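Chain A is fixed; fit chain B onto it per the hints.
Residue numbers (our numbering), protein chains in the order written: chain A, -1 to 110; chain B, 13 to 125.
Just to be clear, a hint being listed does not mean it is correct.
What the hints assert, rightly or not - Pulled a few chain B residues facing chain A out of the computed Cβ check, cut under 10 angstroms:
id	residue
1	THR25
2	MET27
3	LYS53
4	ILE57
5	PHE76
6	GLU112
7	PHE115
Said to hold, decoys possible - Heads up, simulated DSSO-like pairs for lysine-lysine below, C-alpha to C-alpha not over 27 angstroms straight-line:
id	chain 1	residue 1	chain 2	residue 2
8	B	LYS48	B	LYS113
9	B	LYS113	A	LYS67
10	A	LYS68	B	LYS52
11	A	LYS68	A	LYS24
12	A	LYS54	A	LYS24
13	B	LYS34	A	LYS24
14	B	LYS34	A	LYS102
15	A	LYS102	B	LYS48
16	B	LYS83	B	LYS52
17	A	LYS102	B	LYS21
18	A	LYS68	B	LYS83
19	B	LYS53	A	LYS102
20	B	LYS113	A	LYS102
21	B	LYS53	A	LYS24
22	B	LYS53	B	LYS34
23	A	LYS68	B	LYS79
24	B	LYS56	A	LYS67
25	A	LYS24	B	LYS48
26	A	LYS24	B	LYS52
27	B	LYS53	A	LYS67
28	B	LYS56	A	LYS102
29	B	LYS56	B	LYS34
30	B	LYS53	A	LYS68
31	B	LYS113	A	LYS68
32	B	LYS113	A	LYS54
33	A	LYS102	B	LYS52
34	B	LYS56	A	LYS24
35	B	LYS83	B	LYS113
36	A	LYS54	A	LYS102
Claimed, not checked - The following label-pair restraints were derived from C-beta to C-beta distances:
id	chain 1	residue 1	chain 2	residue 2	range
37	B	TYR22	A	ARG48	31 to 41 angstroms
38	B	GLY28	A	THR65	42 to 52 angstroms
39	B	LEU95	A	ALA80	42 to 52 angstroms
40	B	HIS85	A	GLY14	40 to 50 angstroms
Source of the hints: derived by calculation from the structure; they are not laboratory data. All values reported here derive from a predicted model rather than from experimental measurement. We put the beta carbon where it would ideally sit given N, CA and C, even for glycine.
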Amino acid sequence: SQQGEEDPQALSIQEGENATMNCSYKTSINNLQWYRQNSGRGLVHLILIRSNEREKHSGRLRVTLDTSKKSSSLLITASRAADTASYFCATDASQAGTALIFGKGTTLSVSS
Amino acid sequence: DTAVSQTPKYLVTQMGNDKSIKCEQNLGHDTMYWYKQDSKKFLKIMFSYNNKELIINETVPNRFSPKSPDKAHLNLHINSLELGDSAVYFCASSGLGGYEKLFFGSGTQLSVL
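Chain A on its own, in the form it takes in the complex (with noise of 0.2 angstroms):
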């Protein structure tokens, strides 16, 4: 079964927004990463962060974890047009093995 949900499942913001997106999962994680894909193209790993980690940062990435509530959120402060792409969480769900499973993703567009 799925393993990642994110939400929303689109989000429109204006260039210079914060764009927050949230993913929940369902069973206890190693590790959960953040992926972006632009439009035709392959996923492209952001950030990693494990399952005794809270907080982490990367650029203008954020991303928090709570294991207790099992969800996780990715910040993209002052966006730009070149953030316009989908991304998705990803855990290891280590009961299924050792590949990742991802979510549905989150579709953000951001207009200049």
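Leaving out everything else, chain B in the frame of chain A:
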């Protein structure tokens, strides 16, 4: 050099045909994967190979068969193609058995007519 490359990028074929998608990684990773992305962008794991050994085989029809001639390659063979097989197929690789980040290929858009 592209880290994970897959060919072809587009594949258009008739129902009932047999086709293959090739994937190669030059990252020295031990684990490679095939994911299927449907029209709603949902990514589903199909297979993964670790050191030439299949370690995950999700509920995928046996018309799909992964073939790994060596650690750097994981090809996907599909027999008797059906309309429902139309999707984008992504190859990916990772080190440390999948607990680290994945590197994805650019995808193969398969259209079955």
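Okay, the hints, checked on the actual structure:
A cut of 10 angstroms between beta carbons decides the hint on B/THR25: the least distance to chain A is about 20 angstroms, and the hint is violated. Taking 10 angstroms as the C-beta contact cut-off toward chain A, the hint placing B/MET27 at the interface is violated, the least distance being around 25 angstroms. For B/LYS53, the interface hint holds, since its Cβ comes within 10 angstroms of a Cβ in chain A; the closest pair sits about 5 angstroms apart. Nearest Cβ of chain A to the Cβ of B/ILE57: about 4 angstroms, under the 10 angstroms cut. The hint holds.
Because the beta carbon of B/PHE76 sits about 15 angstroms from the nearest beta carbon in chain A, more than 10 angstroms, this interface hint is broken. Taking 10 angstroms as the C-beta contact cut-off toward chain A, the hint placing B/GLU112 at the interface holds, the least distance being around 7 angstroms. At its closest, the beta carbon of B/PHE115 sits 7 angstroms from a beta carbon of chain A; the interface hint therefore holds under the 10 angstroms criterion. Of the pairs offered as hints, the one joining B/LYS48 and B/LYS113 holds, with about 18 angstroms between alpha carbons and a cut-off of 27 angstroms not exceeded.
Taking the CA atoms of B/LYS113 and A/LYS67, the gap is near 23 angstroms; set against the 27 angstroms cutoff, the hint holds. Taken as a hint, the A/LYS68 and B/LYS52 pair is honoured in the structure, with Cα atoms around 24 angstroms apart against an allowance of 27 angstroms. Restraint check for A/LYS68 and A/LYS24: the C-alpha separation of about 7 angstroms stays at or below 27 angstroms, so the hint holds. With a C-alpha separation of about 21 angstroms, the suggested pair A/LYS54 and A/LYS24 falls inside the 27 angstroms cut-off, and the hint holds.
Among the hinted pairs, B/LYS34 with A/LYS24 is inconsistent with the structure: their alpha-carbon atoms are about 34 angstroms apart, more than 27 angstroms. Between B/LYS34 and A/LYS102 the alpha-carbon distance is near 26 angstroms, which keeps this suggested pair within the 27 angstroms criterion. This hinted pair checks out: A/LYS102 and B/LYS48 have alpha carbons roughly 12 angstroms apart, not beyond 27 angstroms. Between the alpha carbons of B/LYS83 and B/LYS52 the distance comes to roughly 31 angstroms, so the proposed pair goes past 27 angstroms and is violated.
In summary, the hint linking A/LYS102 to B/LYS21 is supported, as the alpha carbons are separated by about 23 angstroms, within the 27 angstroms threshold. Taken as a hint, the A/LYS68 and B/LYS83 pair is broken in the structure, with Cα atoms around 35 angstroms apart against an allowance of 27 angstroms. As the CA atoms of B/LYS53 and A/LYS102 are separated by approximately 6 angstroms, the hinted pair is consistent with the 27 angstroms bound. This hinted pair checks out: B/LYS113 and A/LYS102 have alpha carbons roughly 18 angstroms apart, not beyond 27 angstroms.
The suggested pairing of B/LYS53 with A/LYS24 holds, with an alpha-carbon distance near 20 angstroms, which does not exceed 27 angstroms. Of the supplied pair hints, the one linking B/LYS53 and B/LYS34 holds, its CA atoms being roughly 22 angstroms apart against a limit of 27 angstroms. Restraint check for A/LYS68 and B/LYS79: the C-alpha separation of about 36 angstroms exceeds 27 angstroms, so the hint is violated. Distance hint between B/LYS56 and A/LYS67 is fulfilled; the C-alpha atoms sit about 24 angstroms from each other, no more than 27 angstroms.
Distance hint between A/LYS24 and B/LYS48 is fulfilled; the C-alpha atoms sit about 22 angstroms from each other, no more than 27 angstroms. Under the criterion of a C-alpha separation no larger than 27 angstroms, the hint pairing A/LYS24 with B/LYS52 is consistent with the structure, at around 21 angstroms. A hinted pair counts as satisfied when its Cα atoms are at most 27 angstroms apart, and B/LYS53 with A/LYS67 qualifies at roughly 25 angstroms. About 10 angstroms separates the Cα atoms of B/LYS56 and A/LYS102, which keeps this hinted pair within 27 angstroms; it holds.
With a C-alpha separation of about 18 angstroms, the suggested pairing of B/LYS56 with B/LYS34 holds against the 27 angstroms cut-off. Of the pairs offered as hints, the one joining B/LYS53 and A/LYS68 holds, with about 23 angstroms between alpha carbons and a cut-off of 27 angstroms not exceeded. For the suggested pair B/LYS113 and A/LYS68, the alpha carbons sit about 20 angstroms apart, so the restraint of at most 27 angstroms is met. Between B/LYS113 and A/LYS54 the alpha-carbon distance is near 15 angstroms, which keeps this suggested pair within the 27 angstroms criterion.
Distance restraint check for A/LYS102 and B/LYS52: the Cα-Cα separation of roughly 8 angstroms lies within the 27 angstroms cut-off, and the hinted pair is therefore satisfied. Taking the CA atoms of B/LYS56 and A/LYS24, the gap is about 16 angstroms. The hint holds against a cut of 27 angstroms. The suggested pairing of B/LYS83 with B/LYS113 holds, with an alpha-carbon distance near 18 angstroms, which does not exceed 27 angstroms. Of the supplied pair hints, the one linking A/LYS54 and A/LYS102 holds, its CA atoms being roughly 22 angstroms apart against a limit of 27 angstroms.
Here the CB-CB span from B/TYR22 to A/ARG48 is close to 38 angstroms, well matched to the stated 31 to 41 angstroms. Distance hint check: the CB atoms of B/GLY28 and A/THR65 are about 48 angstroms apart, consistent with the given range 42 to 52 angstroms. Evaluation of the 42 to 52 angstroms hint for B/LEU95 and A/ALA80 yields a failure: the beta carbon distance comes to about 36 angstroms. The beta-carbon spacing between B/HIS85 and A/GLY14, approximately 45 angstroms, falls within the hinted interval of 40 to 50 angstroms.
Hint compliance for this structure: hints 1, 2, 5, 13, 16, 18, 23 and 39 are broken, all remaining hints hold.
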